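Asker: Take a look at the letters that make up each chain.
There are 2 protein chains.
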Amino acid sequence: MTSEPMFRKVALIGFGLIGGSIARGAKSLGLASEIVATARSPQTRERVRELGQEFGIVDQVVETNAEAAEGADLIILCIPVGACGDVAKEIAPHLKHGAIVSDVGSVKAAVVKAMAPYLPEDIHFVPAHPVAGTENSGPDSGFAELFINRWCILTPPEGTNAEATEKLAAFWRTLGANVEIMTPEHHDLVLAVTSHLPHLIAYTIVGTAEELEGVTQSEVLKFSAGGFRDFTRIAASDPTMWRDVFLTNKDAVLEMLGEFQEDLSKLTRAIRRGDGDALFDHFTRTRAIRRGIVQIGQDEAAPDFGRRHKQLGTKAE
Amino acid sequence: MTSEPMFRKVALIGFGLIGGSIARGAKSLGLASEIVATARSPQTRERVRELGQEFGIVDQVVETNAEAAEGADLIILCIPVGACGDVAKEIAPHLKHGAIVSDVGSVKAAVVKAMAPYLPEDIHFVPAHPVAGTENSGPDSGFAELFINRWCILTPPEGTNAEATEKLAAFWRTLGANVEIMTPEHHDLVLAVTSHLPHLIAYTIVGTAEELEGVTQSEVLKFSAGGFRDFTRIAASDPTMWRDVFLTNKDAVLEMLGEFQEDLSKLTRAIRRGDGDALFDHFTRTRAIRRGIVQIGQDEAAPDFGRRHKQLGTKAE
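Chains A and B are the protein sequences, given in the same order. Just so we're aligned, residue 1 is where the first sequence starts under my numbering, counting upward by one. Just so we're aligned, residue 1001 is where the second sequence starts under my numbering, counting upward by one.
Simulated from the structure, these hints should not be mistaken for laboratory data. Remember, predicted model here, so these are calculated numbers, not experimental data. Warning: the hint list may mix true and false statements.
Partial list, derived from the structure: chain B residues whose beta carbon lies under 7 Å from chain A [to be verified]: (1) Val1131; (2) Ile1181; (3) Glu1219; (4) Pro1239; (5) Lys1250; (6) Ile1271; (7) Gly1276.
Simulated coverage check for chain A against chain B, where a stretch passes if three residues somewhere in it have a Cβ under 8 Å from a Cβ of chain B [stated by the list, open to error]: (8) 134 to 142; (9) 146 to 157; (10) 206 to 216; (11) 248 to 259; (12) 279 to 286.
We put the beta carbon where it would ideally sit given N, CA and C, even for glycine.
Using the sequences plus the hints, can you model the full thing?
Answerer: This is the structure:
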């Protein structure tokens, strides 16, 4: 790109799926003059250094969060939400006047509460949550296209500089995302139903299937195409990230769980009583939701998520 | 194909996703000299007739189940399990000596109980369940590759002719499936966990998300990539088929639901108490199950089920 980059120095603190995808996207679009990354573990830093040398997805890898933040125009914390407070405290003395500090956490109220007290007045704090991901994690799992056509939610605290918010929004839009602004509390309620509860349910059912009497684990794996395998994907998500989500969005998750339990009781009663009409009506209603998601481009129209099938006559290896 | 077809006349009673996929696979592999199909609704029969004329996936469409069964060597009921008893009664007088009668139902004990009393002694009854599918239904939804690398479970009642069982197994293997034989009761327990419970949970959570206060339906759809969208796929499955599954496999489903509820209570308690270690341990265990499923080829190794992503710089329409 020949036009002026959006930011001079971008610092990525943490380099898992999200950090690595931001780096790859921002680099390939020329959104920053310089991308500096760091990560907590020496192994990850070493791997990011290799990726930087081989594919140019970062310019520099530094040893500490403070060093990464030093002089950066945009600092994005790409770490589990439970670690955000400590890192904010650590980088605060090193932040440049007018820098934008953001994150990518799946919970927003707790992150704001943990980070805001440490950030100086002359810093623009614009928390963000790109609603995108895969079941993979680590520095190799990211890819530049991850955010395309997904939503990125910004939750700037009251009084945040509108220009800074718009600048971060423009950054995310260039990475391919749609941007929406809401309060941290509303974000946490919405995500409790569209993300946190589904993960909790998936983690539960996969655990249930793992330790049954009368059904072997081999059978669970073999016959998983009956539906179970769909749940195993999100139940393979990063354990640290998800532990922190449930610890920090407890109230909204428990509220949604209560709603879910009520609905499960209703369906269970219909099964026990043999009430076929109630089941049929419910199953017909839920079909429409799928259609809506496909219509707005939030999932594949192709059946079975577009999973590929081998050709007939060619047996699998 | 120049070699002798496996069956002379194959009758498919019902032509949804499974019936249509069998027809397409069997035709493209030359497994039958003649495939005759029928369906309950005149609209479906008309559509199958068109598909037969245009793509040659069936040779003939007839008006009644009796006519389809007449003289057939293999008759497969591809209909909701609740309808199998009545159809068995209807076709019984028309079955040819030595014919194999099978089905594709997701529940086996109830199907055996409903069908067996009507079938004459000189008929080989080999119930089957191909554990494969998509969220689509209807005569256009089938495809020849659906069964490749999936499992087909046969549950022949005691005393079933071994040659007939093997012949049906060979048919399914040629369609690409792996075949396993077990009792109807064990099948129903295994599928309760790998298929029926997951569907019940998905139907529940999608229903929950549909009628929340404080979160709009538009928000649920927009932010569904956080995990929710995965559940909507199986919650878009055919309502009639699934109503019948829950009505006919009630006991095993309720048993698995009990196990699930216990596990959900444990995780809920861990969230309420802020027990991060318990959550982390659980989330680490469930990861291994996903790896196992991918290793045995029952799901894509590609992240996110291999969902496709647009290229950067190209905004979605």
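Asker: Could you run down the list of hints and mark each one as holding or not?
Answerer: Against the structure, the hints come out as follows:
no.: 1; hint: Val1131; in the structure: holds (5 Å)
no.: 2; hint: Ile1181; in the structure: violated (13 Å)
no.: 3; hint: Glu1219; in the structure: holds (5 Å)
no.: 4; hint: Pro1239; in the structure: holds (4 Å)
no.: 5; hint: Lys1250; in the structure: holds (6 Å)
no.: 6; hint: Ile1271; in the structure: holds (5 Å)
no.: 7; hint: Gly1276; in the structure: holds (5 Å)
no.: 8; hint: 134 to 142; in the structure: holds (count 4)
no.: 9; hint: 146 to 157; in the structure: holds (count 6)
no.: 10; hint: 206 to 216; in the structure: holds (count 8)
no.: 11; hint: 248 to 259; in the structure: holds (count 6)
no.: 12; hint: 279 to 286; in the structure: holds (count 7)
Comparing the model with each numbered hint stated earlier shows that hint 2 is the single one that does not hold.
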